[in-house]
Amino acid sequence: MHKGYFGDYGGMFVPELLMPPLLEVEKAYEEIVPTKSFQDRLNQVLRDFVGRPTPLFRCPNLSAELGFDLWLKREDLAHTGAHKINNTIGQGLLAKMMGKTTLMAETGAGQHGVATATAAAMLGLKSVVFMGAIDVVRQAHNVHRMKLMGCEVIPVHSGTQTLKDAINAALRHWISEQASTHYCFGTAAGPHPFPLLVRAFQSVIGREAKAQMLAATGRLPDTVVACVGGGSNAIGMFHEFVPHPEVEIVGVEAAGTGEPGCFHSAPLNVGTDGVLHGMLTKLLQTKEGQILPSHSIAPGLDYPGVGPEHAHLQAVGRARYESVNDSQALAAFSTLCRKEGILPALESSHALAWVLANRETIRPGSQVAVCLSGRGDKDMGIIAEAEAKGLM
Amino acid sequence: MGLSILTQKIEAARAAGRTALIPFLPGGYPDQTRFWEEMEGLDTSGADIIEIGVPFSDPVADGPVVEEASLACLEHGISLQWILDGLKSRPTRFQAAIVLMGYYNPFLQYGLEAFASDAAEAGVSGCIIPDLPLEESAPLREALAKKGLALVYLVGLNTEPERLDLYARHAAGFVYFVSVLGTTGVRELLPEEIAGRLKVAKERLGLPIALGFGLKSPDQLKALGGLADAAVFGSALISHVKSGRPAAEFMARWQGA
Chain A
1 MHKGYFGDYG
11 GMFVPELLMP
21 PLLEVEKAYE
31 EIVPTKSFQD
41 RLNQVLRDFV
51 GRPTPLFRCP
61 NLSAELGFDL
71 WLKREDLAHT
81 GAHKINNTIG
91 QGLLAKMMGK
101 TTLMAETGAG
111 QHGVATATAA
121 AMLGLKSVVF
131 MGAIDVVRQA
141 HNVHRMKLMG
151 CEVIPVHSGT
161 QTLKDAINAA
171 LRHWISEQAS
181 THYCFGTAAG
191 PHPFPLLVRA
201 FQSVIGREAK
211 AQMLAATGRL
221 PDTVVACVGG
231 GSNAIGMFHE
241 FVPHPEVEIV
251 GVEAAGTGEP
261 GCFHSAPLNV
271 GTDGVLHGML
281 TKLLQTKEGQ
291 ILPSHSIAPG
301 LDYPGVGPEH
311 AHLQAVGRAR
321 YESVNDSQAL
331 AAFSTLCRKE
341 GILPALESSH
351 ALAWVLANRE
361 TIRPGSQVAV
371 CLSGRGDKDM
381 GIIAEAEAKG
391 LM
Chain B
1001 MGLSILTQKI
1011 EAARAAGRTA
1021 LIPFLPGGYP
1031 DQTRFWEEME
1041 GLDTSGADII
1051 EIGVPFSDPV
1061 ADGPVVEEAS
1071 LACLEHGISL
1081 QWILDGLKSR
1091 PTRFQAAIVL
1101 MGYYNPFLQY
1111 GLEAFASDAA
1121 EAGVSGCIIP
1131 DLPLEESAPL
1141 REALAKKGLA
1151 LVYLVGLNTE
1161 PERLDLYARH
1171 AAGFVYFVSV
1181 LGTTGVRELL
1191 PEEIAGRLKV
1201 AKERLGLPIA
1211 LGFGLKSPDQ
1221 LKALGGLADA
1231 AVFGSALISH
1241 VKSGRPAAEF
1251 MARWQGA
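Listed in order, the protein sequences are those of chains A and B.
At position 351 of the first sequence the residue is numbered 351 (the working numbering), and the sequence of numbers has no breaks.
Counting from 1 along the second sequence, just add 1000 to a position and that's the residue number in the working numbering.
Everything labelled a hint here was simulated from the structure, so no lab data went into it.
All of these numbers come straight from a predicted model, not from anything done at the bench.
Treat each hint with caution, since some may be false.
[What the hints assert, rightly or not] Sample of chain B residues at the chain A side, in silico, Cβ under 10 Å:
| # | residue |
| --- | --- |
| 1 | L1108 |
| 2 | Y1110 |
| 3 | P1130 |
| 4 | D1131 |
| 5 | R1163 |
[To be verified] With beta-carbon atoms standing in for the labels, derived distance ranges:
| # | chain 1 | residue 1 | chain 2 | residue 2 | range |
| --- | --- | --- | --- | --- | --- |
| 6 | A | S176 | B | D1085 | 52 to 60 Å |
| 7 | B | D1219 | A | K287 | 43 to 51 Å |
| 8 | B | E1075 | A | P260 | 36 to 44 Å |
| 9 | B | K1222 | A | E24 | 33 to 41 Å |
| 10 | B | E1113 | A | N358 | 39 to 47 Å |
| 11 | B | R1034 | A | I134 | 26 to 34 Å |
Don't be surprised by glycine CBs; every beta carbon is placed ideally from N, CA and C.
Bound-form chain A, shown alone:
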């Protein structure tokens, strides 16, 4: 009964028709992923194709200004420009070993779609990506990248025509195509075993960061920080540090515009328990249980739910979850560009913004490690719009 749960959160709330393929993925997760041959192949691809390990970089200028050491785990330097590739390579290799011929995915901003198309092309698999019709227009650049890699991009016109509807469409498609297709779920959410599977492939972030921090300073970081949408870069960064109670863990959600009536994306801060996309977790919903639309300037954080393990880490007090609004994220984006010559994704800018906003409460001399989950080139259109509106 409690298989697939993190405390009270998680589960497999899916149609019976999806239980056989999910149990097939669970079996593969348990029997193939831990084997030496799988891990050897995964590590080889992560090194030679993805470019791992990514550096842990100490920001010289900001550290001097802040009075504590600010470290960035540079996932923006991974192939395709974000941490998403860690997961798609892992699931792509697994899908091949399971005898599947197609990788299917949902995408919001398009980063996971690009990472899926990339992994599929390299592994000789077909790829199909569902994307909300509104996102297809907003993220035309990433749609083009996917198509160049031979991916079939299917616009989703139902519901709010964004990420949550793309997930609904992908789940529907999987029901009929389960024999040939692996659903390469993009974040550490959804029905069991996806939260565990995605964590297994993203936890390389925290493992590397811990080893790099120990090598550089001889001790663990005092605080690790990551942005949380579905929560895959965050669980990847946090997982290695969860067993070390002396390491403070901070997840940062998107508060949207911060104005009254804004559809924000902070279910851990203001949501309630409910079931969506196969999991029991914190959701933005009405009291009748209808899912509310979300909003953030960072497309990758724009989701009304969150991975169940984050709801659990919050419930047991092991991690705390704060929020940062659009303008704070934009300011942090500018700061990192000017002070350190790094153009961060707007998602990652939320994590950085929390550190900058809380500089007074962080003890001088601390080591603070932020997961810089992606690069911001994809956000240039949004940045130009914000500049035109005088928001920056």
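Use these hints to put chain B onto chain A, whose structure you have.
Using the frame of chain A, we list chain B on its own:
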């Protein structure tokens, strides 16, 4: 729990030498007034059980017709509460047994115990929850059982005999057999595999089987030679009602199936 009224309704149809008819209509469709008129029409034109759809913002098991109808109902303010209140306020009960079909979250937010109690009072005999497989179903099943209501499970073409046996231990009322590996919506043909799978399901489950998803015409049922005890139709009925014609007219085609 004694023999569910749902089982009794289907057995009675079988005794009369016909397939039981289970129309599906989303609560509040096509509008709040016509919905109750259509319910009356279904009730007096041969429905043995009527499934009322409870709208949800993210219906992952539904095809475009049911999804569109469901989202339209949400926009008109239809909720689980509205459906239960409407059923409660009727002066007389329907002859057909009533089942609510909807995704889990609205029921969960209502409160499982409170829902079971209000549903019993409203004359509801059971629930069908497409996103609640056996593993997650105990809390709702137990809350319903306390009030004498059945949780009706769904199985399909890819449910292996071993899983059917697990379902058999907890199933009540009838079992909903999904006839396609896909979402709701009409299909031209039923897969040939269905007959064999249906036979195994009947043997393992020990309850009446209702066939649903994809049903378009009574001929599809005849081809199965009586293997299905009941037929559920949703998308075809919704399309019919949407075009402005009464539900009772649609039912007439299926009588004697």
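Each hint tested on the structure:
no., hint, in the structure
1, L1108, "holds, 6 Å"
2, Y1110, "holds, 7 Å"
3, P1130, "holds, 5 Å"
4, D1131, "holds, 5 Å"
5, R1163, "holds, 7 Å"
6, S176/A x D1085/B: 52 to 60 Å, "violated, 37 Å"
7, D1219/B x K287/A: 43 to 51 Å, "holds, 46 Å"
8, E1075/B x P260/A: 36 to 44 Å, "violated, 23 Å"
9, K1222/B x E24/A: 33 to 41 Å, "holds, 35 Å"
10, E1113/B x N358/A: 39 to 47 Å, "holds, 43 Å"
11, R1034/B x I134/A: 26 to 34 Å, "holds, 32 Å"
Taken one by one, the earlier hints fail for this structure at numbers 6 and 8, listed in ascending order.
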